[in-house]
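Chemist: Both chains are given apart, each in its own frame, so use the hints to dock them into the complex.
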Amino acid sequence: MFLKNLYRLLAVCSWIAIIYGFLMLPYLFKDLESKEKSLRVYTWAHRIDESILRDFEKKTGIKVYLNYYESSEELLTKLEMMPTADCDIMLPSGYIIEPMIKAGLVKKLDKSRCRFMKKIYPEFLNMYYDLENEYSLPLYWDVFGIGYNKNIVDDSTISLDMIFDLKHVIGGEIAMTEDAREAIFLAASYLGLPLTHFSDDQLEQIYQLLHKQKSWVGSYTDSQQGYFLSSNTFAVVVSDRETICRKMLTSDFIKFSLLPTGSMLRTDSVVISAQTQKEDLVYQFLEFLFSSQVLQHHCQKYCILPTTREVLKSLDQKYIGVDNLYPGTDEFKKLVVFNHGLTQKEINDFWIRFKAS
Amino acid sequence: MRFLKKISKSDKSFFFMAPAIAWQICFFFLPLLFVVQLSFCSDLFQNVSLEYFAQVIKTSHFFVIFRSLLLASITASCCLLIGYPVAYYVALCAPARMKSKLMFLIVLPFLTNLLVQVYAWFFILEKHGVLNKFLNFVGIDVGHLLNSQFAMYLVMFHVYLPFIIMPLYSTLEKINIRLIESSLDLGASYFQTFCRVVLPLSLHGIKTGFFLVYVTSFGEYVIPSLIAGQKKYFVGTLISEYFFIGKDWHVGAAFTCLSSATFIVSILIWQVALHRLVDRLQRA
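Chain order of the listed sequences is W and F.
Per the working numbering, the very first residue in the first sequence carries number 1; after that it's consecutive.
Per the working numbering, the very first residue in the second sequence carries number 1001; after that it's consecutive.
One chain only, chain F, in its complex shape (with noise of 0.2 Å):
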């Protein structure tokens, strides 16, 4: 009992914040560290060496990993730039009865399984889908639009583009109207108000939107197999095949470790340039 009255009640409150520490020691560090001595060991953390990787520093597996980045980095761009005057107008701009009503409608497509929503898209995309008709219509032949690089894209862009609104819309929710207000009065024009108050305020959002879909359309596997007709490989496409079809968990592995290090590298590689760019539009 006196073991117990010496807990502080910070040290109690963490025993209901230990569940997820738990489960991410369960699901997330433990299997990382398997994978990581996959990549390194032959054995079981036993004959370490770099044998592995060896196998998977080639030009064909680092072209991999750079079109998972250029996927990831046009997404996200594509989303961010799409993304922010949609979240921006949401928070600060529409009328407050309608702003639950245009959450509802940007997260609807959350309701529906991924999947479908892939697949509907073929109906669109197809020879004679609705797009296609379109644009026949209007005196433009585009050839094919399913299978390729650009459906693919279209539809990374639809799917994550929620992603990266409700983390922008919570941020730009809690800027002070009275803030743009104050800017607006003391003579600073609609950019510079945007660039110098609301796009410092709002960076945190910008980053959280921008990596959640950056991450996540990193490792995606469904959409680039199912819209780009699976002629390239991308990153979760080769994991998988590792790993499911090669049965090869080591090589696998040192690819996943590979693949992970160039990510994060890249991620810095973003976060400075995110920071930079609103840097220059403060002081433009």
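Chain W on its own, in the form it takes in the complex (with noise of 0.2 Å):
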């Protein structure tokens, strides 16, 4: 008995070895792909287009690996619980590099070798969460606000009322924005309460007003927002402009508006991975994202907006959305960044309780 329990003991154990080796099979080929002459970059989807990078490879002979996230929080979960994934470049969003640098996770810049940075409109640099702009470089920015259907909807009645107030909506529902800050900036917006710090009185009223709007919201979606315009499911959608930009240019009742009270300011930034031993191989890398013909490539692709001056002054209108949406001009001084002073975990709390009930 004791011989065929240590048998089948041993067969299973064995097994168990075999899958552990296959398991660190990927590890034999990390060291031959080290010797490599490559990069890889964590980013969004729509921010890098692959075709371009082929020009890039050819080019220098540095393989570019692009790796893609949902939201900026997931990035630094895998960073932070995997701590050997190998990463040299990443586009987080801006909120979430103040945690990366407190975590290690990102290296200094070495601007002498970002010549680029001049051509970046100064209204994208030293914000809150790097006010030096020692680890981090905006590449891209964007807004949130309002897609309507201009055909439904009069221009001049583009409001929070048409989001927060049921008398308002126009369609009986809306399409609201899957993201707690923006939501949570929305509310805040709409209830007049400072946008930099909010007691537990004020975030109780915010939770209220967003409870109350639940009724009337047909959908939270980060990514549907263009299709639900075009397919007339819903006359007025919170979206960020890209998406409903892009949008834009094949259906043309669609339209984009900021917000009276003040928008929301995004921006995509680049920052340099802690463990990366690859620091030439990078700022060539950078040089070619920050170069005019690749943001133009990628500008006029995802319609995303650039922070260089020179490209975004070339930008077609069409790939903007907004009229006038320049640093400097009126439009531009509606937008708002938020600094909330809330931690990532109270935000996490209330949105799930606001969820889950």
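Since the hints were derived computationally from the structure, they do not count as laboratory data.
For lysine-lysine, the following BS3-like pairs were computed, each having C-alpha atoms within a straight-line distance of at most 27 Å:
(1) K1231(F) / K167(W)
(2) K334(W) / K119(W)
(3) K1247(F) / K214(W)
(4) K1247(F) / K107(W)
(5) K4(W) / K1012(F)
(6) K345(W) / K214(W)
(7) K167(W) / K1127(F)
(8) K318(W) / K119(W)
(9) K1247(F) / K345(W)
(10) K1133(F) / K150(W)
(11) K214(W) / K1058(F)
(12) K78(W) / K1232(F)
(13) K278(W) / K118(W)
(14) K1232(F) / K212(W)
(15) K102(W) / K278(W)
(16) K1232(F) / K214(W)
(17) K333(W) / K318(W)
(18) K1247(F) / K78(W)
(19) K212(W) / K1127(F)
(20) K278(W) / K59(W)
(21) K1127(F) / K1232(F)
(22) K108(W) / K118(W)
(23) K345(W) / K1232(F)
(24) K1174(F) / K1207(F)
(25) K1247(F) / K108(W)
(26) K345(W) / K1058(F)
(27) K1231(F) / K1127(F)
(28) K1247(F) / K102(W)
(29) K212(W) / K1058(F)
(30) K1127(F) / K150(W)
(31) K212(W) / K1231(F)
(32) K1127(F) / K214(W)
(33) K334(W) / K167(W)
(34) K214(W) / K1231(F)
(35) K345(W) / K1231(F)
(36) K301(W) / K318(W)
(37) K1099(F) / K1207(F)
(38) K1232(F) / K167(W)
(39) K167(W) / K150(W)
No experiment lies behind these values; they were computed from the predicted model shown.
Modeler: Here's what the structure looks like:
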């Protein structure tokens, strides 16, 4: 009996060892890969075009591997939970850079190697999450506002009332953002609360407003707003500009507007992973990403906005979607950098409570 | 060599079963153990406390679990009600040459990606979609079909139906048709024959199919997110929120354990309920 059990145990253990061996295989290839001239880039979808990377690869001999994530929090979780994850460059949203710096996940930039930095609008530099731009450089920017069907909605009626007051909700339902930060920002703006700090009472007011709003929200989404407008599912959607702008290129009845009370500004910045040993290649790639030709290509393909003066000014209006949206203009002055003072945990708890109810 | 000779034939065959056991240990039992320890311990197998459970024992979290149980129960019940007659027809009534063709049609959705199936429903359920146009044509105005509970249950039913038909079909097909003929010859009605002969013999298939749908739909993530408008969290979405967005692994693990425990209890209840249902029908 003992022999039988021993044999069975050995059989299972040997198979576990075989499975473990297979799991270790990537590490063998990793050693081979590290000898290769390559870069691993963590980015959002719709930010870097793989076809244009082929030119870079041909020109420099550096192979670029793109890894995608769906949210900045997901990127942070991946990096914190897998410290050995092979990563050289990341393209996160601005607000997540602060926790990344605190967690020691990013490396200081060598500004002497960032000649392109002078092309960036100063309005996008020195943000609260990286005051001296020691770790990050903004590459793209965008704004949140309202996408709408201009055949149904009058431009002059655009306000927060049409998403928070049922009397003004056109068509009885809207699509709301799935992002907790944006929802809190919008609700706080509607309630006239200060956007820099929230007391418990104020947070409760925001919760109650969003809870009330739930009954006329058809969908909470971060990706389907364009579809909802083009299919006439909703006449009004809360969305970022780029999603609506991409749809505007094919549907002439769709429009995007900033909020009169102020729209939230978002930046996507480039940061260098703390563990990268390939700094020469990294700066070569950054030079490539910030080059006018590449930025122009990405901005036209994905309707994202560049942070560099030269490219933004030369961009056709149809890729911007909002009149006169350049740093320094009155439209641009409506934009707000939302530094809410809430911790990530507070935001998550708020959103879980809201969605679980 | 002597050692190997002592190994019986059954033990040698065990060696080939061992990969499955090793796989389960590596990718199910060890991760499960890890999740359980995460829910109790703040450090690896140290500082045991119920702190994380205290954080998830809230009415709102029980609502989420209840919502998922309801989703799983309704989906599995609807699939059983519709899937059983279909499996019955294919297994016992359809001509032999048609069986494989019919089964192919049932399995066909498996050949397409789940996301493709879900997005295809968008075009059927949207405001100007096929279903709404038809309903408007016959004078019924149902408003928005997409982003509703109805849409979610409909898509869940469509996606999971083959999961119940296949085990039911394989069980029903094994029933000796002579038993049914004998019952009818001895004077039992079709209904009596069904309740007293077919149903008890297919109980194993009913349970397999039902729980296959029940278990998988309990943790469903994609369909409630895409079709129901993400207005409310289900177990799958809340666990993902805790692990990937909130990075609150301990609380996420505690919620996973809590929902799993509730889910196991619900399985036992359904198990008893299914047995009782079949017993009652048998006595009817």
